[in-house]
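S.K.: Generate the whole structure from the sequences, applying the supplied hints.
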Amino acid sequence: MCIVALAWRAHPRWQLVLIGNRDEYHARPAAAMARWDDRPGLIAGRDLQSGGTWLGADEDGRVAVITNLRGFGDPLPDRASRGALVTDLLTGSGTYADPNTAALDDFNPFNLLLADRGRLLFLTNRPEPQRSLLAPGLYGLSNGPLDQPWPKTLALKDAMLQWLVAGATDPENLFNALRRET
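The opening residue of the sequence shown carries number 7 in the working numbering; numbering runs sequentially from there.
I should point out that these hints are in silico values taken from the structure, not numbers from a laboratory. Check before you lean on any hint, since a few could be wrong.
To be verified - Distance condition first, Cα-Cα at most 20 Å in a straight line; then the derived SDA-like pairs of lysine to any residue: (1) Lys158 with Ala86; (2) Lys158 with His32; (3) Lys158 with Gly77; (4) Lys158 with Gly143; (5) Lys158 with Phe116; (6) Lys158 with Tyr31; (7) Lys158 with Asp122.
M.R.: Now the structure itself:
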(Lines of atoms letter the chains of each structure in order from A and count residues from 1; the text may use other names and numbers.)
(Lines give C-alpha, C1' and ligand atoms only; values in the text may rest on other atoms or scores of the structure.)
Protein backbone atom coordinates (compact mmCIF):
# COMPACT_ATOMS: atom_id res chain seq x y z
CA MET A 1 0.00 0.00 0.00
CA CYS A 2 1.27 3.43 -0.79
CA ILE A 3 -1.49 5.69 0.43
CA VAL A 4 -4.26 5.23 2.99
CA ALA A 5 -6.87 7.45 4.60
CA LEU A 6 -8.56 5.91 7.60
CA ALA A 7 -11.42 7.18 9.73
CA TRP A 8 -11.59 5.47 13.13
CA ARG A 9 -14.85 5.85 15.03
CA ALA A 10 -15.60 9.02 13.06
CA HIS A 11 -18.58 7.87 10.97
CA PRO A 12 -22.10 7.39 12.38
CA ARG A 13 -22.59 4.05 10.63
CA TRP A 14 -19.16 2.40 10.46
CA GLN A 15 -16.46 2.12 13.11
CA LEU A 16 -13.77 1.97 10.42
CA VAL A 17 -13.66 3.54 6.97
CA LEU A 18 -10.49 2.88 4.98
CA ILE A 19 -9.56 3.85 1.45
CA GLY A 20 -6.19 3.20 -0.09
CA ASN A 21 -4.19 2.46 -3.17
CA ARG A 22 -1.21 0.23 -3.79
CA ASP A 23 0.60 2.33 -6.35
CA GLU A 24 4.11 0.92 -6.41
CA TYR A 25 5.75 -2.30 -7.59
CA HIS A 26 3.20 -2.80 -10.36
CA ALA A 27 5.30 -5.60 -11.87
CA ARG A 28 5.25 -7.59 -8.61
CA PRO A 29 2.84 -10.51 -9.00
CA ALA A 30 -0.26 -10.25 -6.82
CA ALA A 31 -3.70 -11.81 -6.52
CA ALA A 32 -6.85 -9.76 -5.94
CA MET A 33 -8.59 -9.64 -2.58
CA ALA A 34 -10.27 -12.98 -1.89
CA ARG A 35 -10.67 -15.62 0.81
CA TRP A 36 -7.50 -17.60 1.38
CA ASP A 37 -7.96 -21.37 1.28
CA ASP A 38 -4.86 -21.96 3.43
CA ARG A 39 -5.79 -19.34 6.07
CA PRO A 40 -9.49 -19.79 6.94
CA GLY A 41 -11.22 -16.55 7.82
CA LEU A 42 -8.69 -14.32 6.03
CA ILE A 43 -9.81 -12.05 3.20
CA ALA A 44 -6.92 -10.24 1.54
CA GLY A 45 -4.96 -9.53 -1.57
CA ARG A 46 -1.94 -11.79 -1.90
CA ASP A 47 1.65 -11.03 -2.75
CA LEU A 48 2.47 -13.97 -5.03
CA GLN A 49 6.21 -13.38 -4.64
CA SER A 50 6.47 -13.54 -0.84
CA GLY A 51 3.08 -14.95 0.11
CA GLY A 52 1.88 -12.22 2.46
CA THR A 53 -0.50 -9.30 2.03
CA TRP A 54 -0.51 -5.51 2.14
CA LEU A 55 -4.17 -5.18 3.14
CA GLY A 56 -6.60 -7.64 4.64
CA ALA A 57 -9.37 -8.42 7.08
CA ASP A 58 -10.51 -11.41 9.06
CA GLU A 59 -13.96 -12.64 10.01
CA ASP A 60 -13.50 -11.44 13.60
CA GLY A 61 -13.33 -7.80 12.54
CA ARG A 62 -9.57 -7.22 12.40
CA VAL A 63 -8.24 -5.10 9.54
CA ALA A 64 -4.58 -4.39 8.77
CA VAL A 65 -2.79 -2.32 6.16
CA ILE A 66 0.94 -1.78 5.68
CA THR A 67 3.05 0.71 3.74
CA ASN A 68 6.75 0.78 2.98
CA LEU A 69 8.78 3.58 4.54
CA ARG A 70 11.12 5.64 2.39
CA GLY A 71 14.34 7.30 3.44
CA PHE A 72 16.07 4.42 5.21
CA GLY A 73 18.11 2.97 2.34
CA ASP A 74 17.43 0.09 0.00
CA PRO A 75 15.44 -2.88 1.32
CA LEU A 76 17.61 -5.71 2.64
CA PRO A 77 16.83 -9.01 0.88
CA ASP A 78 17.35 -11.18 3.99
CA ARG A 79 14.57 -9.51 6.00
CA ALA A 80 11.22 -11.16 6.69
CA SER A 81 8.39 -10.21 4.35
CA ARG A 82 6.38 -7.26 5.62
CA GLY A 83 3.32 -9.02 4.23
CA ALA A 84 3.95 -11.88 6.67
CA LEU A 85 3.50 -9.42 9.53
CA VAL A 86 0.07 -8.42 8.23
CA THR A 87 -0.94 -12.03 7.62
CA ASP A 88 0.17 -13.21 11.07
CA LEU A 89 -1.53 -10.30 12.84
CA LEU A 90 -4.80 -10.95 11.03
CA THR A 91 -4.85 -14.70 11.54
CA GLY A 92 -3.56 -14.61 15.11
CA SER A 93 -1.01 -17.30 14.31
CA GLY A 94 2.60 -17.39 13.23
CA THR A 95 5.80 -15.77 14.44
CA TYR A 96 4.38 -12.24 14.35
CA ALA A 97 0.82 -12.87 15.58
CA ASP A 98 0.95 -10.63 18.67
CA PRO A 99 1.32 -6.90 17.95
CA ASN A 100 2.74 -6.35 21.45
CA THR A 101 5.64 -8.78 21.04
CA ALA A 102 6.25 -9.05 17.29
CA ALA A 103 9.91 -8.40 16.46
CA LEU A 104 9.40 -5.28 14.35
CA ASP A 105 13.11 -5.01 13.51
CA ASP A 106 12.89 -8.27 11.52
CA PHE A 107 11.42 -6.27 8.63
CA ASN A 108 12.47 -3.62 6.18
CA PRO A 109 11.04 -0.19 7.08
CA PHE A 110 7.24 -0.08 7.37
CA ASN A 111 4.16 1.58 8.82
CA LEU A 112 1.18 -0.57 9.82
CA LEU A 113 -2.35 0.16 11.01
CA LEU A 114 -4.20 -2.64 12.80
CA ALA A 115 -7.82 -2.26 13.84
CA ASP A 116 -10.03 -4.65 15.71
CA ARG A 117 -13.44 -4.13 17.25
CA GLY A 118 -12.04 -2.14 20.16
CA ARG A 119 -8.82 -0.39 19.16
CA LEU A 120 -6.66 1.03 16.41
CA LEU A 121 -2.93 0.42 16.67
CA PHE A 122 -0.09 2.04 14.75
CA LEU A 123 3.14 0.08 14.43
CA THR A 124 6.36 1.17 12.77
CA ASN A 125 9.98 0.13 12.98
CA ARG A 126 11.75 3.34 11.93
CA PRO A 127 13.45 5.33 13.16
CA GLU A 128 12.89 2.90 16.05
CA PRO A 129 10.19 0.34 16.85
CA GLN A 130 6.98 1.99 18.03
CA ARG A 131 3.53 0.71 18.99
CA SER A 132 0.84 3.31 19.60
CA LEU A 133 -2.84 3.15 20.45
CA LEU A 134 -4.62 5.74 18.29
CA ALA A 135 -7.60 7.84 19.36
CA PRO A 136 -10.76 8.13 17.27
CA GLY A 137 -10.15 10.40 14.30
CA LEU A 138 -8.92 10.69 10.75
CA TYR A 139 -5.46 9.46 9.76
CA GLY A 140 -3.36 9.52 6.63
CA LEU A 141 -0.57 7.12 5.84
CA SER A 142 1.82 6.90 2.94
CA ASN A 143 5.53 6.14 2.73
CA GLY A 144 6.56 8.49 5.55
CA PRO A 145 5.56 8.96 9.18
CA LEU A 146 1.89 8.73 10.16
CA ASP A 147 0.03 11.88 9.07
CA GLN A 148 3.09 13.34 7.32
CA PRO A 149 1.68 16.20 5.22
CA TRP A 150 2.61 14.91 1.76
CA PRO A 151 0.35 16.35 -0.98
CA LYS A 152 -1.24 13.01 -1.88
CA THR A 153 -1.88 12.19 1.77
CA LEU A 154 -3.40 15.60 2.48
CA ALA A 155 -5.62 15.37 -0.61
CA LEU A 156 -6.96 11.94 0.33
CA LYS A 157 -7.52 12.93 3.96
CA ASP A 158 -9.36 16.05 2.81
CA ALA A 159 -11.60 13.97 0.55
CA MET A 160 -12.31 11.61 3.45
CA LEU A 161 -13.05 14.56 5.76
CA GLN A 162 -15.51 16.07 3.27
CA TRP A 163 -17.17 12.66 2.88
CA LEU A 164 -17.46 12.28 6.66
CA VAL A 165 -18.82 15.79 7.21
CA ALA A 166 -21.45 15.17 4.52
CA GLY A 167 -22.55 12.02 6.34
CA ALA A 168 -22.05 10.11 3.11
CA THR A 169 -22.40 6.36 2.74
CA ASP A 170 -21.69 6.02 -1.00
CA PRO A 171 -17.92 5.58 -1.45
CA GLU A 172 -17.83 6.96 -5.01
CA ASN A 173 -16.31 10.32 -3.97
CA LEU A 174 -13.57 8.47 -2.09
CA PHE A 175 -12.79 6.36 -5.16
CA ASN A 176 -12.71 9.52 -7.26
CA ALA A 177 -10.17 11.01 -4.84
CA LEU A 178 -7.92 8.01 -5.40
CA ARG A 179 -8.12 8.51 -9.17
CA ARG A 180 -6.77 12.07 -8.99
CA GLU A 181 -3.16 12.69 -9.93
CA THR A 182 -1.12 14.32 -7.15
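S.K.: Against the 20 Å threshold, does the CA-CA distance of Lys158 and Asp122 hold or violate the hint?
M.R.: Distance of about 26 Å is beyond 20 Å: violated.
S.K.: Holds or violated: are the alpha carbons of Lys158 and Ala86 at most 20 Å from each other?
M.R.: Violated, at about 29 Å.
S.K.: Next pair to validate is Lys158 with Gly143; report whether the Cα-Cα distance is within 20 Å.
M.R.: holds (19 Å)
S.K.: Holds or violated: Lys158 and Phe116, Cα atoms, limit 20 Å.
M.R.: holds (18 Å)
S.K.: Between Lys158 and Tyr31, is the straight-line Cα distance small enough, at 20 Å or below?
M.R.: holds (18 Å)
S.K.: Given the hint that Lys158 pairs with Gly77, does the C-alpha gap stay at or below 20 Å?
M.R.: holds (17 Å)
S.K.: Is Lys158 within 20 Å of His32, Cα to Cα?
M.R.: holds (18 Å)
Violated hints, in rising order: 1 and 7; the structure is consistent with all others.
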